[in-house]
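Student: Can you make the complete structure from the sequences, with help from the hints?
Residues per chain are reported as follows:
2 protein chains.
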Amino acid sequence: MSDLPKIKLSTDSYKGVRDFFPEDQFIQNYLLNTIRKTVEAFGYDEYNASPLEPTELYASKTSDEIVNEQTYTFTDRGGRSVTLRPEMTPTVSRMVSSKIRELGLPIRWYSIPNVFRYEQPQKGRLREHYQLNVDLFGVSSIQGEIEIINMASSVMHAFGLEDNDFEIRINSRKIVNAILLDICKLEGEATKTVVRLIDKKEKLSKADFETKLSEILGEKAPLINTLLSSQNFDEFISHLPEGMKAAEGISEIKVVLEKLEKLGITNAVFNQSLMRGFDYYTGIVFEVFDKSPENRRALFGGGRFDGLLSLFGAPQTPAVGFGMGDVTLRDALESRKLLPKYTGHTTLHICLPDMKYIDDAEELAQIIREDGTAVTVDYSEKKIGDQIKYAEKRLTRYIVCVGENELKYDTYKIKELKTGKETELAREEIPAFLKN
Amino acid sequence: MSDLPKIKLSTDSYKGVRDFFPEDQFIQNYLLNTIRKTVEAFGYDEYNASPLEPTELYASKTSDEIVNEQTYTFTDRGGRSVTLRPEMTPTVSRMVSSKIRELGLPIRWYSIPNVFRYEQPQKGRLREHYQLNVDLFGVSSIQGEIEIINMASSVMHAFGLEDNDFEIRINSRKIVNAILLDICKLEGEATKTVVRLIDKKEKLSKADFETKLSEILGEKAPLINTLLSSQNFDEFISHLPEGMKAAEGISEIKVVLEKLEKLGITNAVFNQSLMRGFDYYTGIVFEVFDKSPENRRALFGGGRFDGLLSLFGAPQTPAVGFGMGDVTLRDALESRKLLPKYTGHTTLHICLPDMKYIDDAEELAQIIREDGTAVTVDYSEKKIGDQIKYAEKRLTRYIVCVGENELKYDTYKIKELKTGKETELAREEIPAFLKN
Numbered sequence: 113m114s115d116l117p118k119i120k121l122s123t124d125s126y127k128g129v130r131d132f133f134p135e136d137q138f139i140q141n142y143l144l145n146t147i148r149k150t151v152e153a154f155g156y157d158e159y160n161a162s163p164l165e166p167t168e169l170y171a172s173k174t175s176d177e178i179v180n181e182q183t184y185t186f187t188d189r190g191g192r193s194v195t196l197r198p199e200m201t202p203t204v205s206r207m208v209s210s211k212i213r214e215l216g217l218p219i220r221w222y223s224i225p226n227v228f229r230y231e232q233p234q235k236g237r238l239r240e241h242y243q244l245n246v247d248l249f250g251v252s253s254i255q256g257e258i259e260i261i262n263m264a265s266s267v268m269h270a271f272g273l274e275d276n277d278f279e280i281r282i283n284s285r286k287i288v289n290a291i292l293l294d295i296c297k298l299e300g301e302a303t304k305t306v307v308r309l310i311d312k313k314e315k316l317s318k319a320d321f322e323t324k325l326s327e328i329l330g331e332k333a334p335l336i337n338t339l340l341s342s343q344n345f346d347e348f349i350s351h352l353p354e355g356m357k358a359a360e361g362i363s364e365i366k367v368v369l370e371k372l373e374k375l376g377i378t379n380a381v382f383n384q385s386l387m388r389g390f391d392y393y394t395g396i397v398f399e400v401f402d403k404s405p406e407n408r409r410a411l412f413g414g415g416r417f418d419g420l421l422s423l424f425g426a427p428q429t430p431a432v433g434f435g436m437g438d439v440t441l442r443d444a445l446e447s448r449k450l451l452p453k454y455t456g457h458t459t460l461h462i463c464l465p466d467m468k469y470i471d472d473a474e475e476l477a478q479i480i481r482e483d484g485t486a487v488t489v490d491y492s493e494k495k496i497g498d499q500i501k502y503a504e505k506r507l508t509r510y511i512v513c514v515g516e517n518e519l520k521y522d523t524y525k526i527k528e529l530k531t532g533k534e535t536e537l538a539r540e541e542i543p544a545f546l547k548n
Numbered sequence: 113m114s115d116l117p118k119i120k121l122s123t124d125s126y127k128g129v130r131d132f133f134p135e136d137q138f139i140q141n142y143l144l145n146t147i148r149k150t151v152e153a154f155g156y157d158e159y160n161a162s163p164l165e166p167t168e169l170y171a172s173k174t175s176d177e178i179v180n181e182q183t184y185t186f187t188d189r190g191g192r193s194v195t196l197r198p199e200m201t202p203t204v205s206r207m208v209s210s211k212i213r214e215l216g217l218p219i220r221w222y223s224i225p226n227v228f229r230y231e232q233p234q235k236g237r238l239r240e241h242y243q244l245n246v247d248l249f250g251v252s253s254i255q256g257e258i259e260i261i262n263m264a265s266s267v268m269h270a271f272g273l274e275d276n277d278f279e280i281r282i283n284s285r286k287i288v289n290a291i292l293l294d295i296c297k298l299e300g301e302a303t304k305t306v307v308r309l310i311d312k313k314e315k316l317s318k319a320d321f322e323t324k325l326s327e328i329l330g331e332k333a334p335l336i337n338t339l340l341s342s343q344n345f346d347e348f349i350s351h352l353p354e355g356m357k358a359a360e361g362i363s364e365i366k367v368v369l370e371k372l373e374k375l376g377i378t379n380a381v382f383n384q385s386l387m388r389g390f391d392y393y394t395g396i397v398f399e400v401f402d403k404s405p406e407n408r409r410a411l412f413g414g415g416r417f418d419g420l421l422s423l424f425g426a427p428q429t430p431a432v433g434f435g436m437g438d439v440t441l442r443d444a445l446e447s448r449k450l451l452p453k454y455t456g457h458t459t460l461h462i463c464l465p466d467m468k469y470i471d472d473a474e475e476l477a478q479i480i481r482e483d484g485t486a487v488t489v490d491y492s493e494k495k496i497g498d499q500i501k502y503a504e505k506r507l508t509r510y511i512v513c514v515g516e517n518e519l520k521y522d523t524y525k526i527k528e529l530k531t532g533k534e535t536e537l538a539r540e541e542i543p544a545f546l547k548n
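As they're listed, the protein sequences go chains A and B.
Going by the working numbering, the residue at position 253 of the first sequence is 365; the numbering climbs one at a time, nothing skipped.
Going by the working numbering, the residue at position 115 of the second sequence is 227; the numbering climbs one at a time, nothing skipped.
Rather than coming from a laboratory, the hints here were simulated on the basis of the structure.
Heads up, some of the hints might be wrong.
One copy or any two copies: either way a pair holds, since identical chains are not told apart in the list.
[To be verified] As a list, the in silico DMTMM-like pairs of lysine to aspartate or glutamate whose alpha-carbon atoms are at most 20 Å apart:
#1 K371 - D466
#2 K357 - D346
#3 K403 - E314
#4 K547 - E528
#5 K453 - E158
#6 K374 - E475
#7 K371 - E482
Tutor: Right under this line is the structure:
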């Protein structure tokens, strides 16, 4: 019905989210496909879920407090509270828990969902982004961490980044917990408070940080400060009390660093300040840090979270994983000119000197498409020159005209637009020519 | 921190949405990839957008009223009204309008977004589903409809459906409008009321439908009923007043049916009751209807909507497209056993008789992965028999053991699990063997 209302609608998207025009989607597909290929080589299977989750899923408050303060939460028409997932770990834990007995451990899963956070949009932070999530359930040994960190490194290499472009920072919650419990005699909430303070260390002035640390730790603050200021793993260990030098967390870090080196990974380093926000981490935590002078920042991270599945009534199950966002990844690749140039994917544009040949053009197009080759037909009735310009604008590879002479002599000139090279073919030879 | 709260969380997803476990995602990827391949052969470019849209986008009420009554709409933390998109057409119209001058017509675009509707979940209807949307902007001639309907038919064929499995029902809003205006002297809202009534005809009893039609049309009701009851296009035309037998809508339907037949499409039929819910359609509308006795229903449809872009202040632009949902598609394929069987994608599982060979196993795995082949390593320390069972459960193609003898003699037995066939290889021969 052509009596549409006379109002003017805005062409703007919702604030803080992205429209993916074909040139953007081309880059997005490059990112997703490169990630897919890499993680599937490690035997990881893809899963997915709806962005709509029952709000109760996030009720355990194991996530970073910021995540919970920034969710999109609303009540549906049936009175249920719904949340747009702010991260994927609760969802994957829910799904694995629901079928853990039939799935068979270990489980290697990945997904690249969109996740949502209500925050002020700024560089590297949007209200919706895509996030690779890989998780390994059922491996309690340190091999789990090795595999996950190795995979994180492989994803970076798959995008053309090299070991000297980034750093893999590694710490262990076991060390943090042991220090806070055995040296500082802290437990529960007090531990979390210190963990969060250290997590924000880089954002505070040195004086501010030390004041706050003193407030919580009193006379133990200087030792903790010395430990946090150590320049490397050996120096860090040297400051530990004798009884802790061989603690489980310490030996795990040693093994991880050694084994990663054996796998050819030269950029893994111990970093005692690394906490990662999430309270569910129980062992090794790690972070991939961009060393580029213009872009010094954490790109993504992960770690071991052995306790989460038991929240769903599933047996206690070891788990280790990481999440990698597309926005920061894209920025890191863009600043290094590592993103591919947009190429069209249409192989042939059929130009029509006269609409009376349209059925012949359509028939030719149909035959070529059956071979899986992309073809468009020009119905514009414009001059041939304009039809060619359109094909060029879309980065189409070849053009051909279908007109009186072509049909009469069964001879078609296939012209490659970039080189200008022409190839004369009979109609039946065209599909095979285009395919090769 | 291991002091997680002691509550039990539900493993249920939100009502009416789906969890995609790897076996479900495998089917989903088959659907998406088959669709992608088919529409890209027609030269369509992929775009995407966020499911979050400003509620104003749907304020024009051009959509089916049901869509607007069933949206997920809420207010964000900044006081903006946000809607989870219930369909993609407003989004693509918004995006195209925003860049129409630089994009260059015609525009061929597709996307496979998830869309949301709050309704009671039932077979074929969920609160979230994925929907292929293809749209051709800038072609005012009937070639636009031909291309779009041809593409819809090609998608069906790509899934193994044949012409006798389904019917392509075609009607024209121009005919409907001409009849209602010229014969029934109806305009505006009254036209919409009749269109909606005819749209719901199948859901009403014959008597109920005729009563309601009489209430609106009075003495014209019998003629309209005769037109609606006509068995084919010729009979329909025979009942039209002389002056309407050659109307634009009539000749367009003729051309569409003829041209589709020339393209080898044998199952396109005129259907004068077909309305499609959306008020923005302005010309040809069509629907793909499943003829299977157990599943007689509309699978999807589309049509011409020439007026929509002008709502965004863009020049009046011809447009034609369709939307195809994954849930109904999956049901139609499943009932015909046309869905593929799940296959794992891991090529090799490395079994470990003893964890002391783990570094050698990891090194071997790393080399194979560099070739893009999927490998998993077994850290379970279980008996070899159990390690093999795990590989079988995951439908892994080959297994190999890495132990003392293999390392000593550099001879590895690669066993294909399905056939039991073993191949003895030196380590360096393994990657190439697995790749072929």
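Student: Which earlier hints turn out false for this structure, listed by number in ascending order?
Tutor: none
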